[in-house]
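Sequences and hints are given; from them, build the entire structure.
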Amino acid sequence: MSKGTGIGGTFMVSMMALACAVIVAMVAIIIGNILLHGAGGISWEFLSRAPEAGMTRGGIFPAIFGTAALVILMTIAVIPLGVATAVYMHEYAPKRSRMIGLVRLAIQNLAGVPAIVFGLFGYVFFTKFVGAAIDRGLYGGELVYGQPAIVWAALTMALLTLPTVVVATEEALRAIPQSYREAAYALGATRWQMIRRVVLPQATGGILTGGILAVSRGSGEVAPVMFTGAAYFLPELPRRLHDQFMELGYHVYVMTTQSIDVEATKPVLYSTVLVLLMLTFLLNFTAIMIRSRIRRRLRHDR
Amino acid sequence: MIDEPQNARPGEKAEEDGSIRSEALQVRHAGRQILKGITLAARRGEILSIIGPAGAGKTTFLRCLNRMLELDTAFEITGDVLLGGRSIYSRDMPVAEVRRRVGMVFSIPVPLPLTVYGNLAFGPSLGGATRDSWDEKIEAALRAAHLWDEVKDRLQEPARNLSGGQQQRLCLARALVLRPSVLLLDEPCSGLDPVSTARIEEALQQLKKDVTVILVTNNVKQAARASDRTAFFLFGELIEVDRTESLFTTPRDRRTADYISGRFG
Chain B
1 MSKGTGIGGT
11 FMVSMMALAC
21 AVIVAMVAII
31 IGNILLHGAG
41 GISWEFLSRA
51 PEAGMTRGGI
61 FPAIFGTAAL
71 VILMTIAVIP
81 LGVATAVYMH
91 EYAPKRSRMI
101 GLVRLAIQNL
111 AGVPAIVFGL
121 FGYVFFTKFV
131 GAAIDRGLYG
141 GELVYGQPAI
151 VWAALTMALL
161 TLPTVVVATE
171 EALRAIPQSY
181 REAAYALGAT
191 RWQMIRRVVL
201 PQATGGILTG
211 GILAVSRGSG
221 EVAPVMFTGA
231 AYFLPELPRR
241 LHDQFMELGY
251 HVYVMTTQSI
261 DVEATKPVLY
271 STVLVLLMLT
281 FLLNFTAIMI
291 RSRIRRRLRH
301 DR
Chain L
1 MIDEPQNARP
11 GEKAEEDGSI
21 RSEALQVRHA
31 GRQILKGITL
41 AARRGEILSI
51 IGPAGAGKTT
61 FLRCLNRMLE
71 LDTAFEITGD
81 VLLGGRSIYS
91 RDMPVAEVRR
101 RVGMVFSIPV
111 PLPLTVYGNL
121 AFGPSLGGAT
131 RDSWDEKIEA
141 ALRAAHLWDE
151 VKDRLQEPAR
161 NLSGGQQQRL
171 CLARALVLRP
181 SVLLLDEPCS
191 GLDPVSTARI
201 EEALQQLKKD
211 VTVILVTNNV
221 KQAARASDRT
231 AFFLFGELIE
241 VDRTESLFTT
251 PRDRRTADYI
261 SGRFG
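These protein sequence lines map, in sequence, to chains B and L.
The opening residue of the first sequence carries number 1 in our numbering; numbering runs sequentially from there.
The opening residue of the second sequence carries number 1 in our numbering; numbering runs sequentially from there.
The hints are all genuine.
Computed beta-carbon distance windows for the label pairs:
#1 B:ILE100 x L:ASP258: 46 to 56 Å
#2 L:LYS152 x B:ASN109: 51 to 61 Å
#3 L:SER190 x B:VAL130: 54 to 64 Å
#4 B:GLY220 x L:GLN26: 51 to 61 Å
Note that these hints are calculated values from the structure, not bench results.
These numbers were taken from a predicted model, which means no experiment stands behind them.
We treat Cβ as the ideally placed atom computed from N, Cα and C, and that holds for glycine.
This is the structure:
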């Protein structure tokens, strides 16, 4: 090896090490900073009470509750839709069909659409079109569903997270050995019996992983709910599908940009960000744990 | 498809004789002819084995007999298969029904990811049979597969816990629970040790009085020792079929002689 390459090599290696160090440092700084400023503000009071005094004091309970309600509604919508799509694509559609290629392309593109576009779409489609139609048809034109509401925010979020669920479910379906399907068929199972008795039970873990990843993504997004249902400040919790709600991410956004006294809201802001971060980490961690358990089990099966 | 008017009406009697016959069965895959018109029959009371080198179409043929081949839509099947005189490809024979009557055991044991009992109950649970008749049928099937003594206390264990040979006998029992007329075995002993192989062969000898058995095997010796008649396939053609002793002692075709004496394949 010549001297020149030796020096060049050493230089490149140190640059790569530096790049890695930068990434680690960034994460450490972000989390450290949030922990440092936010941990002190976290208390039972903070988690269980509504914001007070122009959001400079009190807690964030309505935002936590709203976020939870949002992701539960979103899950109810996205899991059946996503699982049905994946099962159709993997188990029913002919293998080399052009139609399925098109659907797959659409799903990949859906995953690349910016969140704010989903927000605008949800506003125009769900509130202004679907909601207004419901009001005209059922409420004699009275404004009930034709305005931002938690149900519309949840459906918009469901569209955003749909690719996650479809991809995770399809991956789970692909991991099921073809021989299981053949064994079930050979015992006289119809396709639907085979899917219900063999495929779906085996795919449960993968579907669950997809669901958790969707929830984790959904609980951190702000843009899709901005126009479709999230409220600036609401002391009341949402109780009906057409109520508005507070959301953690949106609450952070509001406190950062719209607060009357930015300095005074800062401690609350940091603590809210910390709660949001913990929630997302926890969900991601759960998803990873479930997925690795499934992978281990699959390895044992082979 | 060939329709036989005298058997068009579903008649239990006709199906009970357990005969299965392929007529001019042809299979094409991506423009390539895999089976070139096979006409071959098997009857109850005998084990018919099918031998031949790799690529002869043995497995393809077997998978036509319970309509498993069509799961891959790239295969084009023409000709017909008659079970007890009725076409299994006719419109009034549901495909699930065909597969319940014509059981199959694969070359690798495939226990479903369930308990031993769950595997055995899978077939009956798909419909038809009432729950209280299951246990009796399951025990009978396990005895017939020579597995009862080994698993009678392990029915609630995952089927994966069984040894390879036990798993394959479980798969045999699982097919037998449905009381099929015909049993197809696709190299059922290819991954098994001689003891497990012997157990399966013993079970088959006792089964053949109730079930028509068709055994595809790569092991010429297995065909010689376990079957009553043997068919030799080569490149998608049926070269000859005869009583096993005759085929192994005085083959009529030169290619059969070459294959069984190990000169090719």
